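We have chain A already, so just place chains B and C on it with the hints.
Residues per chain, in single letters:
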Amino acid sequence: MSNFRINTDRLLEVDLHNEKVMAISGAMVGYMGTMKFEKSLLGGEGLFGALKRKVTNEGLSLMQTTGNGTVFFAHNAAEITVIPLVNEKLFIESSSLLAYDDSLKTNTTFAGLRGATSGQGLFTTTIEGYGNLAVFSHGNLITLEVDPKYPLFVDPDAFIGYKGNISQEFVFDVNWRNMIGEASGESYQFKFTGQGVVYIQPAER
Amino acid sequence: MPRYQQINEKLMEVSLNGEAVFAKKGAMISYQGNVVFRRSFLAGNGVQDFAMRVLTSEGYALMVAEGTGTVYYGYNGFFVSIIQVVNETVFVESDTLLAFDARLRTGTMFLGNQGGVQGILRGAVSGQGLFTTTLQGTGEIAILSDGNAIGLPVTPQQPVFVDPDAYIAHKGELSSNIVTDLNWKNLIGQASGESYQVKFTGQGTVYIQASER
Amino acid sequence: MTSYNPNTLPKNDNLSRFAFVVDVEEEIFIRKGKMVAFYGQLQFESLGSSVVDILIKEAFNAPAYIQHFIIAKGHGQLILGDNGNDIASYDLDNANMTIKAKHLLGFTKDIVCQESTMIGFLTLMGTGKILASSNGPVHFLDLPCRVDEQAILGWADCPSPSYRYDYAHVNDLLSLVGVMTGITLSGEEKQIDFRGEGTVLIQSSELALGSPTLGHLLSQLPALGRNELNSLSAAVAQQITSQNR
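Residue numbers (our numbering), protein chains in the order written: chain A, 1 to 205; chain B, 1 to 213; chain C, 1 to 245.
Here chain A stands alone, though its shape is the one from the complex:
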């Protein structure tokens, strides 16, 4: 597992010793040492994964960085958080993914109907295994627990990802009367039930 560090909230530093890290294309802002950047042709998912991505249009343009030294990644001055995965599976909006260890495997999962109204893809990205993952958020990432005793409701635009034994459903606020046709209201939410954590950003996309 390579070392992921956050420098002043908005810069990710990754130390590589002949290792490989995946990051979204264009996110490299600097490096020291010897580094090589290549477009990841298959996104680490094999030929079938790449084809599925193409069909589902869950756009994820990745590059792989290999070498010796320290590489710096950043994206649009967004806050960055490192989430270590210990043989776990995380569901994530691919538009929030910044970088991850090559030891982690990504895949695409059908996420239900929610995408139709939030403007995000119908398919969501899963990432699993043992290694580090860096996500970016507008404002620092917030981690909220979900428990059978307390389900959680989240604005679709603020949703970034979740892990654990959680089920996600789409709820429409029936009290919402006069707002139909208004784009920016809280007229629908995600409801998370089960046991696990949900990651959100304090912002609307």
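Keep in mind the hints are simulated off the structure, nothing from the lab.
Treat the hints loosely; a few may be bogus.
Taking lysine to any residue pairs in the SDA-like style, the calculated list, with each CA pair at most 20 angstroms apart, reads [as the list claims (entries may be wrong)]:
{"#": "1", "chain 1": "B", "residue 1": "Lys199", "chain 2": "A", "residue 2": "Gly69"}
{"#": "2", "chain 1": "C", "residue 1": "Lys190", "chain 2": "B", "residue 2": "Arg39"}
{"#": "3", "chain 1": "A", "residue 1": "Lys191", "chain 2": "C", "residue 2": "Lys190"}
Chain C stretches covered by chain A per the calculated footprint, using a threshold of three residues with CB under 8 angstroms from any CB of chain A [stated by the list, open to error]:
{"#": "4", "region": "1-7"}
{"#": "5", "region": "101-110"}
{"#": "6", "region": "135-146"}
{"#": "7", "region": "153-160"}
Model, not experiment: these values are computed from the prediction.
Using N, Cα and C, we set each Cβ at its ideal position, and we do this for glycine too.
This is chains B and C only, laid out in the frame that chain A set:
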């Protein structure tokens, strides 16, 4: 002498006691005391400055604040950093220079002068102006960045490579050149998105921002 | 990294610089679209629906802004965010405070909200809590001071300010025309003058950019192919037609 003080990541203040401070047009947030403002261009004379004025027209016009009091500066929510300059030269993209004063000698440098063809290429690649402001001597300047500015030290043993779009300034005895990362994948249109980098060698500091502009 | 649940969330306090938790027990006015998550049993009512009309007549006296606010009621913890802007809360104790309307995120129901004489600002009076966002942390200035309009977040305990033109740098024909037609060239010719006693709240200045939704859409465009762009273009045209109706 003018006193520069950081208020928060997006605001700074300059205390004046009869001196003048030059700042980016539109960056004055507030002032207290007896301060007058007038417009100016980058200080200095010569053919290059003249050329710059013609080429950049109003774009890099400055506001001079003069008097006794406190002036607050900030710009469109960009982050503000104060850089200490100690008997050295700072190179700053004119667009990101927030404030400076007469303690430093200013000039403009046509990048072609410094790095030859490479310098021009850098201007073309990053989409930033071909002119860079130089400030020389001992004093302070304030710069703007999208996300916080981060200073990366460069030593003869440890060159630093930066994305042209993330570069904002550098100081010290540094030379820069473009390195390209060409391999067969780039040639068939599968670029990694990082085809050009600027390599800084020598002794000094390179400032980058946490954004690719 | 800390994770939170209903028992560990702060009560009526900041969760981080950019997020605030409201412990909802009674009705509170909240800016539309700023809810990022909640626990518990909460309902959101739009203003103007009959149930809350009586409450509005008492508290919300700014008809031009009424469509930007909703009422949250029920019991639970409501997390608010404003696009990565800093959020701060202000306690009013039989006092008044004026806030730039688009930065007002919420206020408790015993506060009266009225339009300020300065266009684009709302004045809040009474006793309770106000939530406001700012571009970067808020900085407090004592009077007298002159402030760029784009950098004002609000003011408290002082008389309404006035515009002031600084003719010292209205030094050419172009800027004179600008002043006469109300179009300022750099913003520095036209300032807002605060006199007397009180406090001014300032933030980093800001450009009036499009909505975050627009920014998000535009950022996704490079990923689209020619056919997709054509169908997007058709969809946009259709949407415009239906909105014009």
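Quiz item: Has the region 101-110 of chain C got at least three residues whose CB is nearer than 8 angstroms to a CB belonging to chain A?
Solution: Not satisfied, violated; 0 residues make the cut.
Quiz item: Okay, the region 135-146 of chain C and chain A, do three or more residues pass the C-beta test at under 8 angstroms?
Solution: That given contact is violated, which follows from only 0 residues of the region 135-146 of chain C lying within Cβ reach (below 8 angstroms) of chain A.
Quiz item: Do the alpha carbons of Lys191/A and Lys190/C lie within 20 angstroms of each other, as the hint requires?
Solution: violated (49 angstroms)
Exercise. Verify the coverage statement for the region 1-7 of chain C against chain A, using a C-beta to C-beta distance below 8 angstroms and requiring 3 or more qualifying residues.
Key: holds (count 6)
Quiz prompt | Residues of the region 153-160 of chain C with Cβ under 8 angstroms from chain A, three needed, outcome | solution = It is violated, with 0 qualifying residues against the three required.
Quiz item: Keeping to a limit of 20 angstroms between CA atoms, is the pair of Lys199/B and Gly69/A held or broken?
Solution: holds (15 angstroms)
Quiz item: Does Lys190/C pair with Arg39/B here, judged by a C-alpha cut-off of 20 angstroms?
Solution: Given that 20 angstroms is the threshold and the Cα spacing comes to 14 angstroms, the pair holds.
Hints 3, 5, 6 and 7 from the earlier list are contradicted by this structure; the remaining hints agree with it.
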